[in-house]
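> For reference, the chains in residue letters:
Protein chains: 2
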Amino acid sequence: MPKISQKGQRMPASPIRKLTPYADKAKVDGKKVYHLNIGQPDIETPEGMINAIKNIDFKVWAYTPSEGTLSYRKKLVEYYNKLGYNITTEDIIVTTGGSEAISIAMMACLDAGDEVIIPEPFYANYNGFASQTDIVVKPILSYIDNGFALPPISEFEKVITNKTKAIIICNPNNPTGYLYSQEEMDALKELALKYDLYIFSDEAYREFCYDGRTFISPMYLDGIDENVIVLDTVSKRYSACGARLGCIITKNKAVWTTSLKFAQARLSAGMVEQIAGSAAVDTPDSYFEAVNKEYTSRRNNLVNALNKMDGVYCPNPGGAFYVVAKLPIDNADKFCQWILEEFSYNNQTVMMAPATGFYSTTGAGYNEVRMAYVLKNEDLQNAMTCLEEALKVYPGRTIDNEQLAASK
Amino acid sequence: MPKISQKGQRMPASPIRKLTPYADKAKVDGKKVYHLNIGQPDIETPEGMINAIKNIDFKVWAYTPSEGTLSYRKKLVEYYNKLGYNITTEDIIVTTGGSEAISIAMMACLDAGDEVIIPEPFYANYNGFASQTDIVVKPILSYIDNGFALPPISEFEKVITNKTKAIIICNPNNPTGYLYSQEEMDALKELALKYDLYIFSDEAYREFCYDGRTFISPMYLDGIDENVIVLDTVSKRYSACGARLGCIITKNKAVWTTSLKFAQARLSAGMVEQIAGSAAVDTPDSYFEAVNKEYTSRRNNLVNALNKMDGVYCPNPGGAFYVVAKLPIDNADKFCQWILEEFSYNNQTVMMAPATGFYSTTGAGYNEVRMAYVLKNEDLQNAMTCLEEALKVYPGRTIDNEQLAASK
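Here the protein sequences come in this chain order: W and F. Numbering-wise, the numbering used here comes out as the position in the first sequence, counting from 1, plus 272. Numbering-wise, the numbering used here comes out as the position in the second sequence, counting from 1, plus 272.
Keep in mind that the hints are not guaranteed to be accurate.
The list treats identical chains as interchangeable, and a pair is accepted whether it falls inside one copy or across any two copies.
[Said to hold, decoys possible] Capping the alpha-carbon separation at 25 Å, the derived lysine-lysine pairs in DSS-like fashion look like this:
#1 Lys326 / Lys347
#2 Lys580 / Lys290
#3 Lys580 / Lys299
#4 Lys290 / Lys525
#5 Lys297 / Lys565
#6 Lys304 / Lys331
#7 Lys346 / Lys580
#8 Lys430 / Lys275
#9 Lys303 / Lys290
Calculated directly from the structure, the hints in this document are not laboratory data. These numbers were taken from a predicted model, which means no experiment stands behind them.
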């Protein structure tokens, strides 16, 4: 029997999805499971996008150009330039989701053994995409105590070698929700210029900034056009995760041309998606205002509920729709499995993603979980009640009632 | 300015698409261009599939399971088991087109430096997918003179090393249209078992077999379940290339589980596509009968027209919708560019794919082109007239009129 690849053996299972069998079992057992593990919003996809699908009028479902249809790229230019990106259709390659944007950009810029620096915790699948092509991830720890702010530039410099080719940031951040400041982005720019590094800017959550705070793309910064590669997706922006439609944006012509070769190998992105994506650009501002209001309210409720629990700490993030919370537990992987397998409260339980899967450093995040606030407030409240009750009885709980009483 | 990757520099441009700028220019100049370069059929997508898109009734365009929706995988089981594959939903991973099926299967089974044997000429993008992960392609020449039959097994054995992990076959073949016989498939089976190799079976053109000939999948052969990985797509079957919907089928559980990890990293295939793909399985036989009749007629006309031209030879293939023809030319790349740039007949010209891009061996196929018979007979006839006239005046023509006269 032929062997699978070593790469395949090393490839990490998704920390977001690996507990799915336990959740499925819980459901079979009749429990209601609140899914906070995955960034699959319950928000409705804009009507214009759905109608565009229903109104398709082609007879042959054909390939599109490998770089995306010109009509969709024109609509994307309209969307991005309204935000100040100052791009043309020649700066865009349409991809199958943000996932493919990341894969292709990595392959165009990095070889096996090359290193990419990523502040951790980070979107777990960066590990997967790096593993695919034997790229080495060099993590830099960020800390829950300061809300997962960008680590000091000196920490980046400590791990830079002649193999370092790129930095990946996800802004607003998945999994922490942290929104990078102008000062932090400026510092990253100086670092990229000093060491001639790419900045891969994963902007999947661009539209999700709260409390009036502003998103800063590296595309807004002067003098680093050759360094910046934006990786984007419609998944979260329009609650259209199943569309698998994203893009690469770069003004670096060598990167664009090279990325196109990888895009040509897989022929094209989806045609129906590009039709729907074009319609999506005309989504009215009122849609985003309503969504922002809803997420702000959910975040406030979730963060408040968490911080009221004994021994729990959760920073209040500026963007995205995730939080990472520290729990009084011995092992997040064990806890997240236990709460699905062994626990229920009013016949309900919660699925969360252990934060360990978002760190590359062994042991980091052992007592942290990521939660996506993609459910209605009422469901979130029920989920938090479950979590609170679960923490009281979890066998691996790390504070006892006497300690608690003493601390109060 | 940061450098692009060496991998990206080595990555071949698509031989099918690289002449596109010249075709675009010809169109701007007012010429009609017959596209025989790409396997984009003009056949209409089945109505049931189109209607499934128009009738979607979801409010949230959501992720699907990474292995594909259970409902779509059930329909696929229905499709494949009718053909005798004897599989379950647990043997399938739904992918974004056949392209992703190939990429994922390669990553699950092969590491950088591992070798895969492919009879050439072969589907050019195998080179691209292999390059992506630094897999080494070992070509085995097949020859136009015997219609591109499978090379003798002894030729495979000559290139087998301890790095050899797999054989890729495309059956019916792209670009040659060759349909492998039972004897050839049995020989491949023995080879795979003897050397413990995977057989990657690209079956994109399964439905396109002519003259009553039968398609043999390695899934029909006993005793090699652990070796076989079928790579499939709906692109050609239902003339739905822009759907980007394919799958991996394998009974090898280690390969399935490992492939799923790569599938999880990219989250999911498209949701609308899986809905449409489910409907496609109910496409009536009459659709396929009409399509088969149409392609048979086109193939006959194309092959006849080619073989009537001075100095041209084209075998009559048993399947797919491609032919590779030998032309009296010095250089197929130059010729295919010249006919777009410099030539027209009645203000019309033809886009073809130089066969060189389908060979890995330098120099092989220098006087061959691939043509896809994806246009109506009338258009094919016009295209052939253009080609015939072009061959008469092409400066790099390798036979002259005196030679011709002498040979007659």
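> Now tell me, hint by hint, if it's right for this structure.
Against the structure, the hints:
{"no.": "1", "hint": "Lys326 / Lys347", "result": "both (19 Å within a copy, 23 Å between copies)"}
{"no.": "2", "hint": "Lys580 / Lys290", "result": "neither (29 Å within a copy, 61 Å between copies)"}
{"no.": "3", "hint": "Lys580 / Lys299", "result": "neither (29 Å within a copy, 68 Å between copies)"}
{"no.": "4", "hint": "Lys290 / Lys525", "result": "between (39 Å within a copy, 17 Å between copies)"}
{"no.": "5", "hint": "Lys297 / Lys565", "result": "neither (35 Å within a copy, 50 Å between copies)"}
{"no.": "6", "hint": "Lys304 / Lys331", "result": "between (43 Å within a copy, 22 Å between copies)"}
{"no.": "7", "hint": "Lys346 / Lys580", "result": "neither (48 Å within a copy, 46 Å between copies)"}
{"no.": "8", "hint": "Lys430 / Lys275", "result": "between (38 Å within a copy, 22 Å between copies)"}
{"no.": "9", "hint": "Lys303 / Lys290", "result": "within (19 Å within a copy, 55 Å between copies)"}
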